[in-house]
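Novice: Residue strings, one per chain:
2 protein chains.
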Amino acid sequence: MDHSRPTPELLIDLDRVAAEYHALVAGLPGMTVHYAMKCNPHPEILAELHGLGCRFEIASAAELDLLTGVGVDPAETLFSNPVKPLAHIEHAHASGLWRFAFDSEEELDKLAAAAPGAAVYVRLAAHQIRSGVPSEGKFGVDPAAATALLLAARDRGLRPFGVAFHVGSQMLLPQAWRAPLRAVGQVMEKLAAEQVLLDMVDVGGGFPARYGRAVPPLSEYAAAIETGLAALPYPVPVVIEPGRAVVAAAGTLRATVIGTAVRHGRRWVHLDVGAFNGLMECLETGNELRFPVTDSRRAATRERCHLTGPTCDSQDTIMFDVELSAGLRAGDEVYIGSAGSYTSVYASSFNGFDPPHVRCTRDPGRFR
Amino acid sequence: MDHSRPTPELLIDLDRVAAEYHALVAGLPGMTVHYAMKCNPHPEILAELHGLGCRFEIASAAELDLLTGVGVDPAETLFSNPVKPLAHIEHAHASGLWRFAFDSEEELDKLAAAAPGAAVYVRLAAHQIRSGVPSEGKFGVDPAAATALLLAARDRGLRPFGVAFHVGSQMLLPQAWRAPLRAVGQVMEKLAAEQVLLDMVDVGGGFPARYGRAVPPLSEYAAAIETGLAALPYPVPVVIEPGRAVVAAAGTLRATVIGTAVRHGRRWVHLDVGAFNGLMECLETGNELRFPVTDSRRAATRERCHLTGPTCDSQDTIMFDVELSAGLRAGDEVYIGSAGSYTSVYASSFNGFDPPHVRCTRDPGRFR
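The listed protein sequences correspond, in order, to chains A and B.
205 is the number that the UniProt record's numbering gives to position 205 of the first sequence; each next residue is one higher, with no gaps.
152 is the number that the UniProt record's numbering gives to position 152 of the second sequence; each next residue is one higher, with no gaps.
Bear in mind the hints are in silico, worked out from the structure with no lab data behind them.
All of these numbers come straight from a predicted model, not from anything done at the bench.
Note that the Cβ used here is the ideal one computed from N, Cα and C, for glycine as well.
Stretches of chain A that chain B covers, calculated by requiring three or more beta carbons in the stretch to come under 8 Å of a beta carbon on chain B:
# : region
1 : 82 to 92
2 : 140 to 152
3 : 270 to 281
Per label pair, the in silico range of CB-to-CB distance:
#  : chain 1 : residue 1 : chain 2 : residue 2 : range
4  : A       : Arg359    : B       : Ser4      : 37 to 45 Å
5  : B       : Ala87     : A       : Thr227    : 53 to 61 Å
6  : A       : Ala231    : B       : Arg302    : 42 to 50 Å
7  : B       : Gly212    : A       : Ala300    : 53 to 61 Å
8  : B       : Arg297    : A       : Asp65     : 27 to 35 Å
9  : A       : Arg154    : B       : Pro216    : 55 to 63 Å
10 : A       : Gly71     : B       : Arg362    : 43 to 51 Å
Computed from the model, here is a short list of chain B residues facing chain A with C-beta under 8 Å:
#  : residue
11 : Ser80
12 : Thr260
13 : Phe350
Only chain A is shown next, with the shape it has when bound in the complex (with noise of 0.2 Å):
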């Protein structure tokens, strides 16, 4: 570990980053994979996939030119926002992205006045079953709105075709795929009495990584999927969106301690990151995501703590009973592993203090 850069430092291993796509195309054979670009959008993550063959799937305008800016070409890109910016659909129309996730009526009005032609698929609500991060169902519709909503499209001279779903981040629980690909199955069933067939089912993204506790293996939701894929009334392309899965596990987050306190008799340690400059997600999660954390020290005498940011901020707090190197000082370093994902992205100057600086390299030995 490179001890004299500055912290907050991000760093990802570019190789790990490959072994991740490589093992997700692997474990889910047949499935094209599209690189949730939202969850860490660094330009040489974006080349490294790319030059693997990994596509994308974006959420604005503004991600899809971070992708042409690394030789993507827009044509094999997916818009998977349902809900964009007129501005972004007609920016992405005439890039030649072509096709467009929905799920209204307006939508297609302005996909039908922005993006004449295009083809677009609908978004299904995936049942309420939790995940790690769970989701509000702000997106998504029944497979009788989406049917009567694909159908609409066509009206607007354009394209049915597909059926999206997301069953939220960081899934544990591989059955989770089912319910949404048996109702995926009766958008189709009923499509294809009406002369429609779809092209695509988008199962989404929500593989997880691995944090503090295992993870079932993908082979679990490559089963699942599969089971729910043989039972749909014709076969059809799948694709899958992956973010967490691919960069997660390839990110360690190296930290500076600020200092320390013992406080009613538990010893908190204050790093130079925090929830507010790049670990958002323990905000969000209630401080339930587990990152492994190591330090410099490497006492063999360990002690609990807790682990928060530089901010005066009371919320500002990464996780609650760490175990880490007994006698931590300011000055120390710790590194908090897993962090690829969403550690970049959320990360504001609240309190002036600023977001990581993000490093790739290929050089393993700097993440020792």
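Chain A is fixed; fit chain B onto it per the hints.
Specialist: What follows is chain B alone, placed relative to chain A:
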């Protein structure tokens, strides 16, 4: 309202900032106001308050630099973050700032090394009374530990200067100040027995802004605090650190509807601003902050809808069950009131959607 400028835009009415500041000065007589600049550090707001005689509290060296940039004297500024990077202490000390918060032995070591002779004030844990934006006990110690820490400060050549506490942001119970002030009295009594007299009691922030519901009048806060102060063993200068109460009401967030959708019978209105690029407090508070909202359509017929942000993240929602004009469509504008605090500072560019541009004005017509 000027519709020609791009959205999202955070409009700050500087006259309202001044009025809120004057109301606090008048309503809490004898207490010195140090604005908690973290909640909105826009230079024009800082300059306005500085011109009115307001002082400031900071949490980092970067915040201090913003203040000196508008002519504030560091010697009149409080460094109220109890745990600070060593380099920030050195920078503040070199700039002439001389009063520092702390709540641990290790912070005293850092202060003695980097700011020899500085005045220090200890952070007391406030009793856990529920505030609108709850605290998690990150900072503060009990009266016995606080007393010992101030004596330890004296032993290190530092000046035992005061006691601080924070009842929690958006505190709707004026009596929340009573118990911490009793604890302050205990510390003062114990220290007096050691010939140490304090020069500052910092009763913190927490004074509420008005969002959707009425808040207790400032007179009730003044009465509760004055009752507590009257019971202290000897008179002592008092400091308050309001943030939200100074700037929240002065801010209007102007947003554009990018699309609407009906899902499961409920209308969703998607704006170009959401939790991730400006309204993070919605996420922090479980969508319980009820900002007053109006819209450009001003229809007599009203419709209940869910107000959400532009990203594809399901957690990006602002408020559930808001009443707006029926028939809102893409291109309409929505105005979110009481949005002056914590809306430009927590914001990220997640998914490629940038935070609001901040614009300060004195033209009240722009806010109608």
